[in-house]
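Colleague: As you go down the protein sequences, you meet chains L and S in turn.
So in our numbering, spot 33 of the first sequence is number 33, and the numbers just go up one at a time.
So in our numbering, spot 115 of the second sequence is number 424, and the numbers just go up one at a time.
Source of the hints: derived by calculation from the structure; they are not laboratory data.
Some hints could be false.
The calculated lysine-lysine pairs, modelled on DSSO-like cross-linking and capped at a C-alpha distance of 30 Å, are [stated by the list, open to error]:
id	chain 1	residue 1	chain 2	residue 2
1	L	Lys142	L	Lys132
2	L	Lys132	S	Lys327
3	S	Lys321	L	Lys142
4	S	Lys327	L	Lys142
5	S	Lys321	L	Lys132
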Amino acid sequence: MAERSGTALAVDAVDLTKRYGRNRAVQGISLQIAPGEVVGLLGPNGAGKTTTTKMLLGLVRATSGTARVFGVDARDPAARRRLGYLPEHFRFHDWLTGAELLHYHGRLAGMSSSARSAAVPALLERVGLRGKGDQRIRTYSKGMTQRLGIAQALVHAPGLVLLDEPTSALDPLGRREVRDLIRDLRSDGVAVLLNSHLLSEVELVCDRVVIVDAGRVVRSGNLDELVSTGTEIRVRLDRIDERAEHLCAGFGRVLLTDGTTVVLAADSPHSAPALAGTLVSAGYGLEALIPIQRTLEDVFVELVTGTAG
Amino acid sequence: MSALVITRLSLKEAVSRKLVLASAVLSLAFVGLFALGFATLYQRAAEDSEPGLLVFAATAQTVLGVYAVDFLAAFLAMFLAVAAVSAETDSGLLHAVLARPLRRESWLVQRWLAFSGVSVVYVIAMTGALLAVAGAVAGYGATAPWRALGLLALEMLVLVSLGLLASTLFSTLTAGVTVFALFGLGWMGGIIEFIGDGIGNETMRLIGIASSLLIPSDALWRGASYYLQSPAFLAAASGEAGIPFVSPTPPSGALIWWSVGYVVLTLALAAGRFRRRDL
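Taking the hints into account, I'd like the entire structure generated from these sequences.
Modeller: Structure, rendered in structure tokens:
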């Protein structure tokens with residue numbers, strides 16, 4: 001099985017559907033993640049993110065559709081050999097020490113005693129819990145427990161990591177550390193599926209984003225494509241007349257004209273230099289030209305509320 | 310793959326959560342109290358009684374002592390089992406564990422092993438201690454102590470399996486209420502059967518048999534109680550009921566086979582249910 005995984009996608013889910021009685025939690029979600037890719041799964045509460053993640057883990061049985069992890073059917077326990085998971089509501093056996101928990105999960109993942117003894121201290125160090133491994137988990141703060149949860153997900157050096165809200169209990173510094181950790185994983189060729197409500201975080205770390213709403217994928221793509229489509233440009237000139245407006249309209253749709261300022265929904269995110277050249281050669285004094293890039297949040301809100309930003 | 314990781318963890322949990330310490334301390338107190346009571350009453354009986362009454366006193370005290378142990382052990386088995394699955398799924402504790410390459414059935418059976426082990430060791434150690442006290446004080450000898458221990462152990466397996474099944478079906482509270490209610494029903498059925506035997510009422514006997522099919526815990530206790538009595542006492546009673554809650558006849562082979570089948574069946578149902586369940 002491990003041999004097959006060399007070329008296989010880390011995640012290959014096709015048309016996953018989950019119904020609870022008449023309630024359709026997930027309606028035909030397809031999702032592919034290549035090794036070394038960091039994908040953000042976004043959506044409002046109840047959109048089906050966690051259910052989708054749980055189907056990849058075999059915790060929830062799909063009503064229809066298939067999910068494969070490194071080529072192995074997700075319902076087969078063998079699919080979880082190379083998979084690490086941090087649940088959203090991370091709770092662990094709190095009467096164990098941090099190091100004991102990691103050993104326990106390492107054993108469950110089939111690691112040898114010597115492999116665990118090497119991995120556990122390194123991991124504790126990596127998630128910022130150096131020197132805390134011998135404390136019982138019940139003495140940990142929420143942030144420490146979440147860090148331990150991340151270490152737990154990584155204990156067996158998995159090829160795919162599913163992180164459900166991995167920074168919900170962390171302070172800004174801790175969040176930054178987790179972002180760095182995810183980037184390290186990517187450069188090690190590990191695939192990461194990140195569920196997060198923190199769009200800025202997803203924006204900072206993900207290669208690709210899948211936005212789901214009401215159990216369906218409403219948009220997916222590379223982050224650059226997603227946020228740059230329909231870039232707005234704010235242009236301030238020494239004077240505005242009909243000709244100036246007309247010239248601007250050649251590069252997109254004029255949204256607003258106010259005094260000496262024009263706001264333009266540009267057709268292409270790369271039209272700013274050409275627009276500047278055109279206006280200057282037509283004799284206008286160009287005081288400012290500011291491309292206003294949309295944030296992921298703008299795109300997200302637009303998609304899930306159905307309103308244009 | 311190192312074997313029985315879950316079983317070992319469950320046992321470690323019992324130790325770590327001071328379950329073992331608490332039950333050991335309380336059980337020692339229980340055995341101490343039994344020894345004190347047994348010695349006092351036996352001495353009193355020896356002073357002013359005929360030999361027949363002495364046999365009765367020793368047997369009644371021993372069997373009733375083990376009856377109390379049986380209740381304690383049964384509660385332990387049920388308490389452990391009804392929370393075995395539901396508490397861990399409700400708290401989300403299980404999600405990270407079952408995200409490992411581990412079959413759910415394997416997880417369940419390993420939990421069963423741990424809790425069965427704790428309950429069986431408990432009932433055997435406590436019953437053994439009581440029999441040892443009775444032997445030391447009064448020279449008491451049960452008819453077949455090993456058979457009695459075997460039946461009590463089987464009763465624990467029945468209760469752990471039933472509790473585990475309930476735990477895969479219901480929340481911890483509902484599972485607890487259900488299993489305790491069934492346990493009480495079996496106990497009541499046993500009494501109805503006992504009275505039915507005494508007055509020769511066939512309907513009451515059938516009610517008792519039906520309740521033993523539903524939950525054989527009380528029937529297994531009664532089977533064990535037969536072997537706990539002294540041979541002299543059994544000979545004197547010659548098949549007549551002497552003490553309530555105690556059987557004057559040995560358990561049937563059918564009861565033992567049904568109980569073994571019951572354990573296998575409930576465990577299989579629990580595994581089947583747990584395997585399909587969304588977490």
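Colleague: If a hint holds in the structure, say so; if it doesn't, say that too.
Modeller: Now for the hints, and whether the structure bears them out:
Proximity of L:Lys142 to L:Lys132 is assessed by CA-CA distance (about 14 Å); at most 30 Å being required, the pair is judged to hold. Using a Cα cut-off of 30 Å, the hinted pair L:Lys132 and S:Lys327 holds, with the two alpha carbons roughly 23 Å apart. With a C-alpha separation of about 24 Å, the suggested pair S:Lys321 and L:Lys142 falls inside the 30 Å cut-off, and the hint holds. About 25 Å separates the Cα atoms of S:Lys327 and L:Lys142, which keeps this hinted pair within 30 Å; it holds.
For the hint pairing S:Lys321 with L:Lys132, the CA-to-CA distance comes to about 21 Å; that is within 30 Å, so the pair holds.
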